[in-house]
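**Q** With the sequences and hints as input, model every part of the structure.
Same order as they appear, the protein sequences are chains A and B. The opening position of the first sequence corresponds to residue 1 in the working numbering, with each subsequent residue numbered one higher. The opening position of the second sequence corresponds to residue 1 in the working numbering, with each subsequent residue numbered one higher.
Hints are computed from structural coordinates only; laboratory data are not their basis. These figures come from a predicted structure and were not determined experimentally. All C-beta atoms in this analysis are idealised placements derived from N, C-alpha and C, irrespective of residue type, glycine included. Among the hints, a few may not be true.
Unchecked claim - Going by beta-carbon spacing under 10 Å, a handful of chain A positions derived as facing chain B: (1) Asp29; (2) Ser145; (3) Ser146; (4) Asn163; (5) Gly188; (6) Ala200; (7) Asp240; (8) Asp322.
Take a look at the letters that make up each chain.
Number of protein chains: 2
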Amino acid sequence: MPRQSRGALLSTLQLDANSRAPLYRQLEDAIRRIVIDGELPTGARLPASRQLAEDLGVSRLTVKNAYEQLVTEQFLETRPGAGTFVGRISATELAPAVELSSVPARKSLSLSQRANRISQSRSVLRLGGTKPFRPGVPALDQFPSSIWASTHSKVLRHSGTDNLGYGPPGGLLELKQAIANHVQDHRGVRVDPLQIIITAGAQQAFVLIAFTLLNPGDRVWFEDPGHIAGRDAMHLFGADVKSVQIDNEGFDINQAVASYPDPQLIFLTPSHQHPLGITMSLERRMQIIDYAKSHNCWIVEDDYDSEFRYQGRALPAMQCMDNQGQILYVGSFSKTLFPGLRLGYLIAPPVMVEAFSVAQTLMSQNVSPVLQKTLARFIDDGAYNAHIRKMRSLYSHRLDIMHNSLSKHCNDLFHFTKTDAGMHLVAWLRDRKLSDQPVCESIWDAGIDCLPVSMYCDKASIDQGIMLGFSCAPEHEIENLIMRMDRVVRGLL
Amino acid sequence: MPRQSRGALLSTLQLDANSRAPLYRQLEDAIRRIVIDGELPTGARLPASRQLAEDLGVSRLTVKNAYEQLVTEQFLETRPGAGTFVGRISATELAPAVELSSVPARKSLSLSQRANRISQSRSVLRLGGTKPFRPGVPALDQFPSSIWASTHSKVLRHSGTDNLGYGPPGGLLELKQAIANHVQDHRGVRVDPLQIIITAGAQQAFVLIAFTLLNPGDRVWFEDPGHIAGRDAMHLFGADVKSVQIDNEGFDINQAVASYPDPQLIFLTPSHQHPLGITMSLERRMQIIDYAKSHNCWIVEDDYDSEFRYQGRALPAMQCMDNQGQILYVGSFSKTLFPGLRLGYLIAPPVMVEAFSVAQTLMSQNVSPVLQKTLARFIDDGAYNAHIRKMRSLYSHRLDIMHNSLSKHCNDLFHFTKTDAGMHLVAWLRDRKLSDQPVCESIWDAGIDCLPVSMYCDKASIDQGIMLGFSCAPEHEIENLIMRMDRVVRGLL
Chain A
1 MPRQSRGALL STLQLDANSR APLYRQLEDA IRRIVIDGEL PTGARLPASR
51 QLAEDLGVSR LTVKNAYEQL VTEQFLETRP GAGTFVGRIS ATELAPAVEL
101 SSVPARKSLS LSQRANRISQ SRSVLRLGGT KPFRPGVPAL DQFPSSIWAS
151 THSKVLRHSG TDNLGYGPPG GLLELKQAIA NHVQDHRGVR VDPLQIIITA
201 GAQQAFVLIA FTLLNPGDRV WFEDPGHIAG RDAMHLFGAD VKSVQIDNEG
251 FDINQAVASY PDPQLIFLTP SHQHPLGITM SLERRMQIID YAKSHNCWIV
301 EDDYDSEFRY QGRALPAMQC MDNQGQILYV GSFSKTLFPG LRLGYLIAPP
351 VMVEAFSVAQ TLMSQNVSPV LQKTLARFID DGAYNAHIRK MRSLYSHRLD
401 IMHNSLSKHC NDLFHFTKTD AGMHLVAWLR DRKLSDQPVC ESIWDAGIDC
451 LPVSMYCDKA SIDQGIMLGF SCAPEHEIEN LIMRMDRVVR GLL
Chain B
1 MPRQSRGALL STLQLDANSR APLYRQLEDA IRRIVIDGEL PTGARLPASR
51 QLAEDLGVSR LTVKNAYEQL VTEQFLETRP GAGTFVGRIS ATELAPAVEL
101 SSVPARKSLS LSQRANRISQ SRSVLRLGGT KPFRPGVPAL DQFPSSIWAS
151 THSKVLRHSG TDNLGYGPPG GLLELKQAIA NHVQDHRGVR VDPLQIIITA
201 GAQQAFVLIA FTLLNPGDRV WFEDPGHIAG RDAMHLFGAD VKSVQIDNEG
251 FDINQAVASY PDPQLIFLTP SHQHPLGITM SLERRMQIID YAKSHNCWIV
301 EDDYDSEFRY QGRALPAMQC MDNQGQILYV GSFSKTLFPG LRLGYLIAPP
351 VMVEAFSVAQ TLMSQNVSPV LQKTLARFID DGAYNAHIRK MRSLYSHRLD
401 IMHNSLSKHC NDLFHFTKTD AGMHLVAWLR DRKLSDQPVC ESIWDAGIDC
451 LPVSMYCDKA SIDQGIMLGF SCAPEHEIEN LIMRMDRVVR GLL
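**A** Encoded structure:
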């Protein structure tokens, strides 16, 4: 193939006069691609700019601009008096062009063992759902967006450039102080604000804990059924996670001690067991704290939705019984505000704070200071407490309606007890032949977003049940939705 | 000690009438603490509510409220006709009270090996700085806060509840599309939006790459001097990071091949080497791509500040030469907008996208969808490009002033060449007896926030130099700051 005719392939290029990209950029991209793809090898001569301009119906300046840029980039080179040629781009001939989207990563470029371990994680399933009866989703339409937006604007406009930088590792003191006040008022937890690390949601707090405290193979006691994403966080770094059953007082430490002695860490949801909703008895709490003290292990207290209690006052957090600095308390704003905020916090013994802050910095840097400052103001202005109070009353009402609707329509299908806390209740299937997963799948098809209890089980063999979130279901729709669900389940009998 | 007199210690309690906490809550907290601390053992009788109310000078209802709550919590119990007693809280006697802030974590509760490995990381040092001459910090006072705030408000107020949930794993398609357009226009990178993962900044992208692709002990080639936080990200998961020198064409692949064959991953900053500012030659790029192709390894292209080029147009990203799906391209909004935004992106071969999304979900869930949507609108409205254009012109001007000031005042102290890209230039110390770290420390004391080049070195033994960020220094101050710095350095001679 003579050099000139190779270059002639340029004259067949299609340029798009309506594109956002100027013509010289289009031409430049096209030539670069042809060179990279090896269609014009090193040394091939390009058409004279006048000729190519004529062939393409563009101005000569367009072609000259494109050539000059490619010369700057070393894709092309000019030889005085001889013309423009493809540069010495590589000793090796490049492979033929392939559309990137059709390129698989080579087999030997495989995932790490860690990545393979989590690739089938169930916690990623259907993450985005916010439809009625989705457990754990707040009443998003009730969020005071205008107050939040104007607080955010004030922070951006009036606090100068202070909050546009990375901010201090571990978070803004202003937000730590606001959280310290909140957990003292709501949860009886007394902390120095400097014990708090602001995280990108509770999940990041779990990951920081696993990263900072667990070596591969370290034993972790985990509730079964339990918080799937929390369990995945422990797995991320190779922990040996042991599933421990739940009895009517909560986490069954006696089974754990008998079966899997000497854990490094115990992961608990004592206020409102996730997903069963049991509140751990005081005696059980004391027993676990004593064990942790005598066996030198950490306790993670995941206090994910304890702001929502409808009868009596909540038990204070286990953290307030800790006089040895062994409890790591994790809180979240996903339930009290909205999940898409991606803010949570970790309360740790003072000597551990720096290690967690360093780990967070290396994993993702800080949480946005603008966001932190907005939340701090929102709390300090009283908007946070006002919203929690309003939602507590609303959710209590929704819970009543859901419980009454279930009692009225579905008593023969499910047994259930009215929860006194949280954002969902569990309806247990009376018919032993039904499995909760296919039942839920049928309910999903009817536009209702419940979850099967078995999804949260590792080895536990418990009754088949359905988690129904009442917090995100409008009052006037709940009974109709329960009736719709009732019809779906009856259809499966 | 008779029971009654133990209980009498309650009468010495101090309640604070001016506290935000109501008196019954204060009393309740105090009694709970006394019980937890073991000062009143199981079975101890509490004073009658009437008596305690009198001793404390509070109403009887206050005491009754506190007692009732503590009975609910099982800390206390009532025996009809006999009074109120400390409950059976634990078989084991609790340890005496300790102020939490004085409690060290026990020695055996030590950090994981991983956490120890990073505990001395240099990348956490002085993270928050935004003072003049801080390298890599944009002109924060020029950020269009009002436009951003009003875009954010519109997203919150007009897009319903869609963006308040967790959002889709890997990010919002709308933002991916906006980024795909941006990188095509600015960097010549042609991607399908579905190849993009939205991350909480570039650092999270590096962490996802290390987590997903590297097993402990896997070899990584890293630039030396190089991006400290990027190197730390590779270290996080136990990679064997090998430092490779930089020559005047960039990353010295010949040294790498000779010294450390067969890496799993090569980490590069080809557009503008971090921190030296060298643009990698096209020939070197081709050579590295060929090597990666024939040896089946990944290339990370960290394209952190390539939007800022002041002379000529930038070389297109290496990513656009990749026809085998081996390049992972990382971009950031920390330089073009502001670091506290905490948004970046990873462009990956299609088959790898899911693995990265799963890893991100388990590490911290998604990036806030409200934030993503705000940025997508900001880009689509043209505000992003307008800001980049404005900053490019401003930074070019600031670079001129800095370069001229250095030439005018410091030619005998430093040698330097004017950079044609990025946000900082390097001034090399002529005096061989000076070390850049103590020189920088003295400059810091004068309120100027430069960084020493040696901080970025692992094994490299290069000249001693100072990185001077021109982007965050107001035009009218630059010459004075350079003169101040000049005086400080002369004082050290």
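**Q** Against this structure, judge whether each hint is valid.
**A** Verification of the supplied hints:
Interface hint status for A:Asp29: upheld, as the beta-carbon distance to the closest one in chain B is roughly 6 Å, under 10 Å. A cut of 10 Å between beta carbons decides the hint on A:Ser145: the least distance to chain B is about 4 Å, and the hint holds. The closest approach between the C-beta of A:Ser146 and any C-beta of chain B is roughly 7 Å, which is under the 10 Å cut-off, so the hint is satisfied. Here the hint on A:Asn163 is kept, as its CB sits about 6 Å from the closest CB of chain B, short of 10 Å.
With 10 Å as the threshold, the beta carbon of A:Gly188 comes within range of chain B, its nearest partner Cβ sitting at about 6 Å, so the hint holds. Checking A:Ala200 against chain B by beta carbon gives a least distance of about 5 Å; that is within 10 Å, so the hint holds. A hinted interface residue such as A:Asp240 counts as satisfied when its beta carbon comes closer than 10 Å to some beta carbon of chain B; here the least separation is about 14 Å, so the hint is violated. Checking A:Asp322 against chain B: minimum C-beta separation of about 7 Å stays under 10 Å; hint holds.
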